[in-house]
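A.B. asks: First to last, the sequence lines map onto chains A, B and C. Numbering (this note's numbering) for the first sequence: 1 to 362. Numbering (this note's numbering) for the second sequence: 1 to 320. Numbering (this note's numbering) for the third sequence: 1 to 321.
Warning: the hint list may mix true and false statements.
As the list claims (entries may be wrong) - Calculated pairs, DSS-like style, for lysine-lysine (alpha carbon to alpha carbon, straight line, at most 25 Å):
#, chain 1, residue 1, chain 2, residue 2
1, C, Lys124, A, Lys30
2, C, Lys53, B, Lys15
3, B, Lys172, B, Lys199
4, A, Lys30, B, Lys124
5, B, Lys15, C, Lys125
6, B, Lys124, C, Lys236
7, C, Lys125, A, Lys30
It is worth saying that the hints were derived from the structure and are not from the lab.
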Amino acid sequence: MEPAPSISTIEAKALLSPWQLFWQRLKRRKIAMAGGGILIVLYLIALFAGFIAPYRFDDLNTDYSFHPPIWPKLQGFHFVVPRYEPGSGTFVYRLVPNDTKPLHFFVHGDNYKLFGFIPATIHLFGTGDPHHPVYLLGTDQFGRDVLSRLLYGSEISLSIGIIGILLSFTFGMIIGGISGYFSGWTDTIIMRLCELIMSIPALYLIISLRNTFPPSMSSTQVYAMIIIILSFIGWAGMARVIRGMTLSLREQQFVLAARSLGQSHLKIIVRHILPNTFSYVIVAATLSVPYYILGEVVLSFLGVGIQEPNASWGNMLTAAQNTEYLQNYPWLLAPGAAIFITVLAFNFLGDGLRDAADTKSL
Amino acid sequence: MNLLEIKNLKMDFGKNAGALRAIDDVSFTIGAGETVCLVGESGCGKTVTALSIGKLVPTPPAHYVGGEILLNGQDVLQMSNDQLRNIRGGVVSYVFQEPGASLNPVFRVGNQIRESLKLHRPEKANNEEIIRLLKLVGIPAPESRIRNYPFELSGGMQQRVMIAMALASEPKLLVADEPTTALDVTIQAQILELLSELKQRLGMAILLITHNLGIVGDMADRVAVMYAGQIAELAPAQELLRRPLHPYTKALMASVPKLRGDADRLSAIPGNVPRIGNFPPGCRFAPRCVIARPECSKEIPRLIEVEAGRWVRCPFWQAS
Amino acid sequence: MLQFIFKRLLHMIPLLLGVSLLTFLLMALSPGNYFTALQQNPQISPETVARLKAQFHLDRPWYVQYVFWLGNVLSGNFGYSMAYKISATSLILARLWNTFLLSFSALIIAWGVALPLGIWAAVKKDSWVDRACSLLAFMGLSVPDVLLSLLALWFAAATGWFPVGGAESPLHDFMSSAQQFWDRVHHLILPAIVLAASDLAGIMRRMRSCLLDTLHAEYVTAARARGLGEGWVVWKHALRNAINPLLTIFGYSLAALLSGAFIVENIMAWPGLGRLTMEAFFAKDSYLVVDCVVMATALLVIGNFIADILLAWSDPRIRLK
Numbered sequence: 001m002e003p004a005p006s007i008s009t010i011e012a013k014a015l016l017s018p019w020q021l022f023w024q025r026l027k028r029r030k031i032a033m034a035g036g037g038i039l040i041v042l043y044l045i046a047l048f049a050g051f052i053a054p055y056r057f058d059d060l061n062t063d064y065s066f067h068p069p070i071w072p073k074l075q076g077f078h079f080v081v082p083r084y085e086p087g088s089g090t091f092v093y094r095l096v097p098n099d100t101k102p103l104h105f106f107v108h109g110d111n112y113k114l115f116g117f118i119p120a121t122i123h124l125f126g127t128g129d130p131h132h133p134v135y136l137l138g139t140d141q142f143g144r145d146v147l148s149r150l151l152y153g154s155e156i157s158l159s160i161g162i163i164g165i166l167l168s169f170t171f172g173m174i175i176g177g178i179s180g181y182f183s184g185w186t187d188t189i190i191m192r193l194c195e196l197i198m199s200i201p202a203l204y205l206i207i208s209l210r211n212t213f214p215p216s217m218s219s220t221q222v223y224a225m226i227i228i229i230l231s232f233i234g235w236a237g238m239a240r241v242i243r244g245m246t247l248s249l250r251e252q253q254f255v256l257a258a259r260s261l262g263q264s265h266l267k268i269i270v271r272h273i274l275p276n277t278f279s280y281v282i283v284a285a286t287l288s289v290p291y292y293i294l295g296e297v298v299l300s301f302l303g304v305g306i307q308e309p310n311a312s313w314g315n316m317l318t319a320a321q322n323t324e325y326l327q328n329y330p331w332l333l334a335p336g337a338a339i340f341i342t343v344l345a346f347n348f349l350g351d352g353l354r355d356a357a358d359t360k361s362l
Numbered sequence: 001m002n003l004l005e006i007k008n009l010k011m012d013f014g015k016n017a018g019a020l021r022a023i024d025d026v027s028f029t030i031g032a033g034e035t036v037c038l039v040g041e042s043g044c045g046k047t048v049t050a051l052s053i054g055k056l057v058p059t060p061p062a063h064y065v066g067g068e069i070l071l072n073g074q075d076v077l078q079m080s081n082d083q084l085r086n087i088r089g090g091v092v093s094y095v096f097q098e099p100g101a102s103l104n105p106v107f108r109v110g111n112q113i114r115e116s117l118k119l120h121r122p123e124k125a126n127n128e129e130i131i132r133l134l135k136l137v138g139i140p141a142p143e144s145r146i147r148n149y150p151f152e153l154s155g156g157m158q159q160r161v162m163i164a165m166a167l168a169s170e171p172k173l174l175v176a177d178e179p180t181t182a183l184d185v186t187i188q189a190q191i192l193e194l195l196s197e198l199k200q201r202l203g204m205a206i207l208l209i210t211h212n213l214g215i216v217g218d219m220a221d222r223v224a225v226m227y228a229g230q231i232a233e234l235a236p237a238q239e240l241l242r243r244p245l246h247p248y249t250k251a252l253m254a255s256v257p258k259l260r261g262d263a264d265r266l267s268a269i270p271g272n273v274p275r276i277g278n279f280p281p282g283c284r285f286a287p288r289c290v291i292a293r294p295e296c297s298k299e300i301p302r303l304i305e306v307e308a309g310r311w312v313r314c315p316f317w318q319a320s
Numbered sequence: 001m002l003q004f005i006f007k008r009l010l011h012m013i014p015l016l017l018g019v020s021l022l023t024f025l026l027m028a029l030s031p032g033n034y035f036t037a038l039q040q041n042p043q044i045s046p047e048t049v050a051r052l053k054a055q056f057h058l059d060r061p062w063y064v065q066y067v068f069w070l071g072n073v074l075s076g077n078f079g080y081s082m083a084y085k086i087s088a089t090s091l092i093l094a095r096l097w098n099t100f101l102l103s104f105s106a107l108i109i110a111w112g113v114a115l116p117l118g119i120w121a122a123v124k125k126d127s128w129v130d131r132a133c134s135l136l137a138f139m140g141l142s143v144p145d146v147l148l149s150l151l152a153l154w155f156a157a158a159t160g161w162f163p164v165g166g167a168e169s170p171l172h173d174f175m176s177s178a179q180q181f182w183d184r185v186h187h188l189i190l191p192a193i194v195l196a197a198s199d200l201a202g203i204m205r206r207m208r209s210c211l212l213d214t215l216h217a218e219y220v221t222a223a224r225a226r227g228l229g230e231g232w233v234v235w236k237h238a239l240r241n242a243i244n245p246l247l248t249i250f251g252y253s254l255a256a257l258l259s260g261a262f263i264v265e266n267i268m269a270w271p272g273l274g275r276l277t278m279e280a281f282f283a284k285d286s287y288l289v290v291d292c293v294v295m296a297t298a299l300l301v302i303g304n305f306i307a308d309i310l311l312a313w314s315d316p317r318i319r320l321k
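Could you put together the complete structure from these sequences and hints?
C.D. replies: Rendered as structure tokens:
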């Protein structure tokens, strides 16, 4: 049992808005805060991906296929990057003694567009010499820097989760609200449709939806397609829950009051009923983002999502499917670790949000 | 020797710095065949006291810090798990507030009663005995009810089943924790009538917990009034109803509507029952008391015997 | 009870019809249909094309095709696979069996491990067991199936204890039946464990919270008050009730399992429906894609049907109301 608060804190609590109370409860959950912190960092990194990445995602360097990670060493007060050269045998690299270059920060490098529209050439770090690369996470079979591709991939993988959730939850809430509010035939039809969508195992439905799009599309089209496909599946579950909540909410006095004032149905649904479901929706959204991220990963991994040379966490993992690669070049699994951390952070945050939204706990 | 003797019982929720005293220095007795009512507003510790008799409050979070509960002269708080299981049902049986929630929803009524019989009177664990028990508590057509699930019965019938189950083990003491609160008013009277009738026939003692002073007069031999984890007044029922001594009892009586009498005398007690951990210093009723004086908040008054068999926790009980 | 089963069975039919209609519609929307692909494929003789055209009415609008497809499917004929150049019926049934085998084994493993762990964690709430289980559950919920399958492949390749993918070894046909059985089991173990691991965490957490709920129920206190032993109270009274909400999540668990199987099959080369779907997708064998989706859905719907019956059998409130 938690210690009961004194009267003064109870009075102080009464002055706080529900959101402030919610925030107070959330702050006490360390793991949830840690999850939230990790997510903020991850999304900031994705936002500045081009700046942080030392190379471009499609920067081929076939001399350096499957290069192991190069870690800068601390020498005095500077980081220096050692150099390797191809040794005898395939994909074997040998350290070149005494050939180091200092690691510079804010160096000029390849062109990229910050936030997708500001042309820039400054990178967070690098050696400034194309023949003396720094590969923190090694390279893939085409000699592309895994870290840079991971960063560019995070732009896609992380944003798909957020946009997908926004899209499908908006639809799910509106459709669920309509369904629960009007009941009758509208409700029956919508709910049967939801049931239909939910009764097909998700990935099978994803592939049949993918089938309706042309096999080859531009990268932007593919991106939009993935969001459309995942949202098409995602709205159904949301709509069902919101419908259930609406069914009980519409019987309440404040809805009756709004109706007696002559407000329109749509306004009642959007202004009076849906806001009451927000705390549930926020928790559910946080816990659902991983499904969208994983959906993109699976589609791209199977070769029907984001296409090479564009990077996504899913299509980067495709290379790891080759067991020989996997055994010898384990850094190819880096995107897997990135997915794991992201999903874990979302789960931590979502779990804490759920506890904090539970008003029974003080 | 009394059947039950609770002496200076003290119980906390939580430990050390976070400990909250839920029961503070509660003492009372129940003789064989006696009916005692434990009265008080919700949250005053009635249920926890009652559950303590069978040591049914989970520990942790609860901790017994002092006192003893003598059942047939043996301290329940010191008993081993095996001993506890023998007295639970064997000596003291319980009937709870929500019959719907107290019956296991997935087992047939008959089997739940049989479970009690098997445990305490294995030689009688047969259908005839179950039917006899169901008849005893006034369930019509008991033969067909045996195979019913709890949800197929009405609330009143469910409570009768609970009582039958409690009686199955032939207890010396029946603890009924607000047995009628969750039922319709007409059913309430039936259940109470059943309880007093059973008491006459079986000669068992009853500890009846209620927040309703109205039923005290019909049922109780003696009454213990609890407030904020303490006993405020302990007295024979008729005397207490005729002449309450503690200001809290008086206030409680004034808040009960009477069929005859002036309507304007009905009054609510100002304020709320303090929550566990928020007890005021000194007399816990002082902030709501009409005769409170400054010294009331200094130290906790003791429970004193002011007349034979009448105990009051208020030094100013004579003041009106 | 019989009436209940009958009602649920009746409910399945429109659902399966709806699913097949939806997937068929999606197929009809897809650019470049089965028919054009069929004609352009030099490996398929014009006679075959003509026969299929007659059988499936490929020159008619999609809803007419659907009716004929449905008629064929109901009589057990799934058509012809372009990619495999054999009857789709035998192909699908073999793959369906493999997917069932994989999912069923994973189901047994997942529930078999998750239930005891969940019970243990609930009974020993807040102990180190509970904490370890909840940490494990968080990890399990967060590891993507893709990563887990890749790690399993790596494990198989690195240790050599398990075959790297596939459902049987190349020499399978030359083995004695005991060897054949062992060969299948040997291939099944790793994919089944991977699939089970991804499903396990959710079930375990659910088991824990359900049991905690029932352990705090009044009828459990009432059972204790009757003098029943702690073990009996937990096993008979609390657990028996905690099973019911678990059975209701069985459907969700099964859906997740089938989606997970899709990934595991594709990465670990397990010849199931999921792998067939992808193969058919890449071969533009649209009919086969539809068949696979409908079959996978049927598997899920039947699984849910069984869960419903189990729930009704377990919970008298559902059975009798």
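A.B. asks: Which earlier hints can't be squared with this structure?
C.D. replies: Going through the list in order, the structure violates hints 2 and 4 and respects the others.
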